[in-house]
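Engineer: The hints should help you fit chain B onto chain A, whose structure is shown.
2 protein chains.
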Amino acid sequence: MSVTAAKGFTAAGIAAGIKENGNPDLALVVNDGPRRAAAGVFTSNRVKAAPVLWSEQALKGGQVSAVVLNSGGANACTGPKGFQDTHATAEKAAEVLGRGAIEIAVCSTGLIGVLLPMDRLLPGVEAAAAALSEHGGEKAAIAIKTTDTVHKTSVVTRDGWTVGGMAKGAGMLAPGLATMLVVLTTDAVVGGDELDRALRAATKVTFDRVDSDGCMSTNDTVLLLASGSSGVTPDHAEFAEAVRTVCDDLGQQLIRDAEGASKDIKVEVINAATEDDAVEVGRSIARNNLLKCAIHGEDPNWGRVLSAIGTTRAAFEPDRLNVAINGVWVCKDGGVGEDREKVDMRYREVHIVADLAAGSETATIWTNDLTADYVHENSAYSS
Amino acid sequence: MSVTAAKGFTAAGIAAGIKENGNPDLALVVNDGPRRAAAGVFTSNRVKAAPVLWSEQALKGGQVSAVVLNSGGANACTGPKGFQDTHATAEKAAEVLGRGAIEIAVCSTGLIGVLLPMDRLLPGVEAAAAALSEHGGEKAAIAIKTTDTVHKTSVVTRDGWTVGGMAKGAGMLAPGLATMLVVLTTDAVVGGDELDRALRAATKVTFDRVDSDGCMSTNDTVLLLASGSSGVTPDHAEFAEAVRTVCDDLGQQLIRDAEGASKDIKVEVINAATEDDAVEVGRSIARNNLLKCAIHGEDPNWGRVLSAIGTTRAAFEPDRLNVAINGVWVCKDGGVGEDREKVDMRYREVHIVADLAAGSETATIWTNDLTADYVHENSAYSS
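Chains A and B, in that order, are what the protein sequence lines are.
Residue numbers for the first sequence, in numbering that gives the first Met the number 0: 0 to 382.
Residue numbers for the second sequence, in numbering that gives the first Met the number 0: 0 to 382.
Possibly wrong hints are sitting among the right ones.
Here are some of the chain A residues that sit facing chain B, going by a computed Cβ distance under 7 Å [unchecked claim]:
id: 1; residue: Arg-45
id: 2; residue: Val-46
id: 3; residue: Phe-82
id: 4; residue: Ala-200
id: 5; residue: Val-204
id: 6; residue: Ala-314
id: 7; residue: Asn-325
In short, the hints are calculated from the structure, not lab data.
Keep in mind it's a predicted model, so treat the numbers as computed, not measured.
We put the beta carbon where it would ideally sit given N, CA and C, even for glycine.
Pulled out of the complex, with its shape left as it was, chain A reads as follows (with noise of 0.2 Å):
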């Protein structure tokens, strides 16, 4: 159901030749109101590409009546004739839908460094908005795939409004935010300081602790763009949880969908001084690149967390840390804990758990193995 489960939307997917080989490319989500709230959060790399400089401008209106999405090419380090692009875009899509252009997000991914084929996008916006549909979200989910095996979408319904969302995302999961396009829409009636709170909170807690490889997009987006055809106005608390069980479930399917990865690995990181010891911690384990290739090869090797967490500022003494994996505490004290032969690492997921006995924070971060077939992805996938 994707992004048309809220009330109020409609959208596209379709091809537009953006793609070579002929796939989806092209997606459009249109609030049919009647509000037209929105919120959005973007990467934090400061190479920024053309989209993201636009639907920065467009979210200060406080206002999006639609958002153009674009697989194919990431409109990134393109100059101004990219961003004259993103423009264009934005314009055709406001002249089809009679709406302003800058109530018009836009998000593309793909190739960095290659201006867009605008002679296919533009007529591509047109067809898709012909096509937009109260049923078009699972085609708008597919259009936004690049190196994504599954599309993604998450739905929560409560007392009569609903949060919906898409994600696209599967390599260049990093901090910051994950590599990804996410559309969320509800009808709940929220206004815009509502919603962008409900969002900083829930990616902060999401998006934010997904860190597949530790490579930073320059295209990152989140949007949450709220109709308020429910006529429902939720409780704040109950509205953010909304939103953070979407953005958790789709942070799920993006690591589990990550590039070439065998394992999802779970780094929990419990007694620190401060959650932002926790997550510094957590993210330091889950780059270390040795341990991500000793986790692929099935061996619970601790050694290689404390390495990773003697490399940070948090707080901890060497001779306190514990560590367990799959739920063998193999550290104790900074030492040999239980036998390792007892971890069971057969199954997809890993759980290291990471107790820095500094404290009573925590926080937990996702990320994946490493293995041979994200080398091969990424030597040979040119974006």
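Structural biologist: Leaving out everything else, chain B in the frame of chain A:
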């Protein structure tokens, strides 16, 4: 010639039975004086192996008579027993050499979290002492190998004095210090403070700028011992240059032997506002797994270079960045530059220049590509 190229040093390398495969695994380097000045630089990982904690103390006295090095076990994360074992190793060497234990440095490399077989190691120290020779440098360099495919030595001879050394390290190359044990010797007449200054200045621009896989070891150690036996007191600048030359040469040998690598990548950052900016940007590029995969695939993917630069705090404007790969300016002013088809990627060495257009400082970081062989080696080798 290694550590015995300088006069006043003897060395040995033997098989003590620490490695199960019977390969050489114990080295001894002895300074026969007349002077015994020494300096050391150690891992900045906060989880430090027992021999690092011990040798840091030994260096505080400013005198080192001998260094015992073993491969086949890192003696890291081994608790109080591990520290006792290092202490016993130093005591044994002190006894057989007729020196104080606090003048004996100890270095270990291999598996983390496993106690050393002291019943083999201590007799090994005796056997190594019996095998000491002015020609033992080569054997010592061989005995400290782990996954190294070749042993690494370097010698610089100046007017009447020499600096020589040996290094091991192939995985876990990283910031702060690359993975490695390095012992340098000189017969120049140089005091402890001057040795320390020369060594720190040299490691800062050599080993500290080798970053094969971003993973910092618990055991990194670089020692510089001076016998004074040449009777020559060199000018400080000349001495520092000789130390830097040997460190640079050994660092290059580490990169060329990095686990599974098929490309050596020189990342040169130019026109940075500060040297720190240049190092931060260089390291960010060097650690980008997606770029390292692209280079492996001989794909001059400059978008991934820009994406890595964008994650730093360095001073730059995105639309003024320039990137050259193997001499071709594929990115100009943050966008498409010369034809990427012109880039010849066939050779082992790849040269990336990132021009920040923000000042006049520069730094060079060396790294490797990311390959399926790296994944294989590190998912199979439990260290």
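Engineer: Report holds or violated for the interface hint on Val-46(A), using the least CB-CB distance to chain B and a cut-off of 7 Å.
Structural biologist: holds, 3 Å
Engineer: Verify the interface restraint on Phe-82(A): the C-beta must sit less than 7 Å from at least one C-beta of chain B.
Structural biologist: violated, 10 Å
Engineer: Should the interface hint for Asn-325(A) be scored as holding, given a Cβ-Cβ cut-off of 7 Å against chain B?
Structural biologist: Asn-325(A) check fails; min Cβ-Cβ to chain B is 16 Å, beyond 7 Å.
Engineer: Would you settle whether the hint for Val-204(A) is holds or violated, based on the nearest Cβ-Cβ distance to chain B being less than 7 Å?
Structural biologist: violated, 21 Å
Engineer: Does the CB of Arg-45(A) sit less than 7 Å away from some CB of chain B?
Structural biologist: holds, 4 Å
Engineer: Classify the hint on Ala-314(A) as holds or violated, based on whether any CB of chain B lies nearer than 7 Å to its CB.
Structural biologist: violated, 11 Å
Engineer: Should the interface hint for Ala-200(A) be scored as holding, given a Cβ-Cβ cut-off of 7 Å against chain B?
Structural biologist: violated, 23 Å
Violated hints, in rising order: 3, 4, 5, 6 and 7; the structure is consistent with all others.
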